[in-house]
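K.L.:
If you want the building blocks of each chain, they are given just below.
There are 2 protein chains.
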Amino acid sequence: MNNPSVFLLAVHNHQPVGNFSSVFEKAFEDCYRPFLRELHKHPAIKFAAHYSGPLLEYMGEKEPECLDILKDMVASGQVELLGGGFYEPILTILPEEDRQGQLRMMNEFLEDNFQIRPRGIWLTERVWEPTLPKTLARAGIEYTLLDEEHFHYAGIQNLYAYYITEDEGYPLKIFPIDKKLRYLIPFQTLPDIESYLEEIKAQNGLAILGDDGEKFGLWPGTKKWVYEEGWLAKFLSFLEEKNIQTQTYSEVIDRRPPAGRVYLPPASYEEMMEWVLEPEDAAFFKRLKDENPAEARRYLRGGFFREFFLKYLESNHLHKRMIMISRKVNRTSNEAARKELYKGQGNDPLWHGVFGGLYLPHLREAAYDHLLKADALVPSESGWHIGDYDQDARAEAIWQGRTFGLLLKPAFGGSLVEIDHFPLSRNLMDVLSRRKEAYHVRQLSQPNGKGKSIHELAKELPAGSENFIRCDRHPRYSALDHFLHPETTLEKFQTAAYDEQGDFIDQPYDIRVHEPILRLHREGHVLVAGEKIPVCVQKEIEPQGQEIMIRYMIRNLADKTTHLKFGSEWNFYQIAEEIAVSQNEVRLCGGRIRFEVFPRPEIWHFALQTLSQSEKGYDIIHQGFCLLPWWSVTLSGGEEFRAQFSLRDHRGT
Amino acid sequence: MNNPSVFLLAVHNHQPVGNFSSVFEKAFEDCYRPFLRELHKHPAIKFAAHYSGPLLEYMGEKEPECLDILKDMVASGQVELLGGGFYEPILTILPEEDRQGQLRMMNEFLEDNFQIRPRGIWLTERVWEPTLPKTLARAGIEYTLLDEEHFHYAGIQNLYAYYITEDEGYPLKIFPIDKKLRYLIPFQTLPDIESYLEEIKAQNGLAILGDDGEKFGLWPGTKKWVYEEGWLAKFLSFLEEKNIQTQTYSEVIDRRPPAGRVYLPPASYEEMMEWVLEPEDAAFFKRLKDENPAEARRYLRGGFFREFFLKYLESNHLHKRMIMISRKVNRTSNEAARKELYKGQGNDPLWHGVFGGLYLPHLREAAYDHLLKADALVPSESGWHIGDYDQDARAEAIWQGRTFGLLLKPAFGGSLVEIDHFPLSRNLMDVLSRRKEAYHVRQLSQPNGKGKSIHELAKELPAGSENFIRCDRHPRYSALDHFLHPETTLEKFQTAAYDEQGDFIDQPYDIRVHEPILRLHREGHVLVAGEKIPVCVQKEIEPQGQEIMIRYMIRNLADKTTHLKFGSEWNFYQIAEEIAVSQNEVRLCGGRIRFEVFPRPEIWHFALQTLSQSEKGYDIIHQGFCLLPWWSVTLSGGEEFRAQFSLRDHRGT
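Chains as they are written, first to last, in this note's numbering: chain A, 152 to 804; chain B, 152 to 804.
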């Protein structure tokens, strides 16, 4: 047979909700616009394109030219648009109702703007679980693209073809994305690409490429290479001259049957399934892959996406809060709330690897912003609610007013895990703890940086990094009750180089509700001069309109006098310009919110900073501020020390 | 701490729908009844018990004593009953509606008979997918038991504890079943068991055992050991004397929090995930596990249950037919049909390992019996339907009348894959092809049988086995169009030691419907004396009330005379007593159904037999009969040969 080469291209374009508008502008300027213009000049070259909701909305407002080109190419049949969850959520971790809603929102947008119904979707981060076919079939979707890795896990040899699977009898067609093509395009020369396409053609196969559109101009160095030096124009002419057939994915489905049936276990692309592992586990797993023959990759499987909720408590919290708000919103028909909910479901702030935005405060901020707007749009019941919002089989305490919202973990130090300020639509406690990352270790042990993958090129660990790769001793919650050694200094505290003298930080507190007061109570011990002194900590939390009062009572349960250095740790998501610390008052959010402490304490405070990797290198990122108001007190047997905290909205609702 | 040992026992008791009543009788006599009697004498020993629906229904009818003992122990709090899908289906492969229905049926049965609502379930074959928590939460279920393997896959070290997971925010608690305890109990002596329980106690852990109740009397040798030699009585006294605390699973949940959160990928017990693999793959996978360190088992994962649908076409067909009938039934409120559907959803005939009933014709027969009853209870639309019932992206043709039902695969030789006879509620084509199994290979290469696991002890390959471990050249469908070499003999045909001369068997046929006729048409080639002769095969299928007519037309498309040896292969699920072959007539089902062929052919016929393993050894199983009516014909250029088949119900509906 002498069939022509068949080359299938899908470009996936995405910017997360909450990304800086300068990034959107630059992305269109350097990448999305020139890409569309170039393809428009080659009307015979068919391809599939996916634009996530934030890009589609932005195009409608700011990039009419792009939208017009796209409409033209869709109308002519040059472009097949792919659907997906509108705000680019990981579908498998969303409530089914929201999956349908997000898919429908995209279907309707494409129908309204392009007069088409998508037959395929771009699956966010290709996070696959075997129950997706039913979800997608319900939304009218026939196919998607996955990675080679998914197919390796099922022992499939021929990746130059597409397959079919099912769940509960609902079918889905799946195209495996060719990893080699992803590395060839647009980085290599045309002869290299041609010889690989020849290889695929010799097997009468399909050359299947699905990849990030940002590779065509936005990734470092690609603008020059792809446009200024003309790689893309040359590549498109090459396709035409060599008579390489381009087809849309739907055309392929309509023209040839699948190569076979498959059942794929949960997977994503190879790197993602390493990123989700703890550093030592990831290293061990990589070694296993290196040391075993290639055929072993069917059985050697990494972590799966849900495990990010174990690795990063902050990701888990965002996810479980989203589900809590989703249930509330889905009990109503409030469409404005639903749209805010969907905007808060984007994948980016939930994970971290080379990409992924967990470490990026502005993406987390945007997620909370939209979720809290959704939350505020649907009335809450008044008073305290005790329930297990995050499925850890421990009760949490939740309170929501017009100004503030609180979420406490009695089982973990009676601490606050979220303080919402609804007028600013902001989770004031949205900070990130410092934790060990795989690249911290690797970098320190291989300072010459040899043998790195393409993802790690050109990265240099910044000077003084050792200060940022210390691990926090506990999650950066608030109202964490410290008993410090007399010699613990701010520096030691800040660098996590101290020993906790009490057993309160992460231990369970009893709770009792006397509306409007929540009382947290624990009898524990403090090590004082080598002796374990029984101590009781009681915290009363009383929301009062625009103010939250927190009353502490520390009692010496021993029958003799003791000296205690007690502090209550608070962590706030604030940039330097927003916060001002004075003697017993901290102004937050540029003065709008005041955090006051009585009696007058010492206040240690310092910036929370993390060191993380991105596609450009290593970033030191300001995550917020830690405040530790503390007192040295001497208590005789049975004596109490009392302190009071207040968090007040100065402007009102 | 000096906490007592805590020992959690769960016994799972199950006999599949359709198992011989003699097996039920023996199981109660040797196992279920003596077990309950013995436990009843030790009211302080708490445990959990699961009885699948078929056993509960049988108990109600035939074993009132067992039911009374059980009621008494449930009322006293000694026994916690576990729920589950009523007829022991694999939940993950059922439509969600039926999962809920089967779980609800069990809940209601337990409520009606024992006045309790189960809080936990026994998960059939522990076939887990990460979306089950939502399914189970909807049915009011709080916990289940899984295997160590599930937890190894998630990197969990401490297996002497329970965990919590979630899906879409719905929680589920999970207990890991201790594999070592499964091997100790009831097979080892009390000191061995005691020392292991001590080991667990030293870690302040839970000793968690969940296992088949049949180990206590029904497995080979256990009746003597467990009851006659008194192992069980001694073990229960031992628990009492050593003051080992037994608790129900619900008590544990109510008394202590889970050890942590987990997300588990799809899994079942270790052996199941090997059985689902093709023989060479299973061998390779086992080698990988042997050659890598123990820590690698987190990443070394076998197949998952759905892959049985790839390994065994017969399992896939039964599953997809079930889904087809489920959809039909679930569009109605016909409760009788729904109950038959559920009865046809049992796990046993869908898989094979050491256990599993795919190779057992009476279990497959029972599944089709109930599914076809469900099918017949809901009216079908008349005429031919073209659709993809099994999600292979190829159209099938389906026809259903009062007497017969037909299912054809035009894309695979225009063959019949199912012939239903509704009055007898029987799929006449329910045969099993011979295929390579892992133990065929192992057995032949290791005739001394050394180094076998406990599952394989005492197995001897029967004499003459080589005749049964040949692989069939194609699935045993019907109306398969053979062109034979003049020298192909019955023996060669039977042993699959022949070469097909035509390209019709597994190739696509065009279809056209002219109600009530379905016309299948293919122009292909036959190799005759080294030359490829173009030949057309046309089959017309015409259902006529109680009769199905099949008219063949074979045309020589060449312009010269050729000799063809043409046969149409039919495979029927019949035992020897039911079938009688005469010159051009075959009587099926004891004469009720007649299969006639004109003009008078030669008819080759032989029994279809398989060699499979079970817990008792190797079984040679009669799966049905193969019939090949054939003709030697000489056709001049353009000439046709015509033949006619008729399948008729002699008694009428």
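Hints are computed from structural coordinates only; laboratory data are not their basis.
All C-beta atoms in this analysis are idealised placements derived from N, C-alpha and C, irrespective of residue type, glycine included.
Among the clues, some could well be false.
[Claimed, not checked] Pairs of lysine-lysine, DSS-like flavour, derived with a Cα cap of 30 Å: (1) LYS330/A with LYS285/B; (2) LYS285/A with LYS330/B; (3) LYS440/A with LYS285/B; (4) LYS479/A with LYS285/B; (5) LYS490/A with LYS285/B; (6) LYS385/A with LYS643/A; (7) LYS330/B with LYS330/A; (8) LYS285/A with LYS643/B; (9) LYS437/A with LYS285/B; (10) LYS330/B with LYS437/A; (11) LYS437/B with LYS440/A; (12) LYS440/A with LYS330/B; (13) LYS440/B with LYS285/A; (14) LYS471/A with LYS285/B; (15) LYS177/A with LYS437/A; (16) LYS177/A with LYS767/A; (17) LYS222/A with LYS437/A; (18) LYS285/A with LYS437/B; (19) LYS285/B with LYS524/A.
[Said to hold, decoys possible] Pulled from the structure, derived: some chain A residues nowhere near chain B, Cβ distances all over 12 Å: (20) LEU283; (21) ALA290; (22) ALA305; (23) LEU323; (24) TYR334; (25) GLU458; (26) ASP541; (27) PRO574; (28) ARG621; (29) HIS625; (30) LEU708; (31) LYS711.
[Claimed, not checked] Not everything, but these chain A residues come out facing chain B in the computed CB check (under 10 Å): (32) LYS192; (33) GLU319; (34) PRO416; (35) GLU442; (36) TYR450; (37) ARG457; (38) ALA727; (39) ALA731; (40) GLY789.
K.L.:
Which hints from the list above does the structure break, by number from lowest to highest?
P.N.:
Violated: hints 1, 2, 3, 6, 7, 8, 9, 13, 15, 17, 18, 20, 22, 23, 25, 26, 32, 38, 39 and 40.
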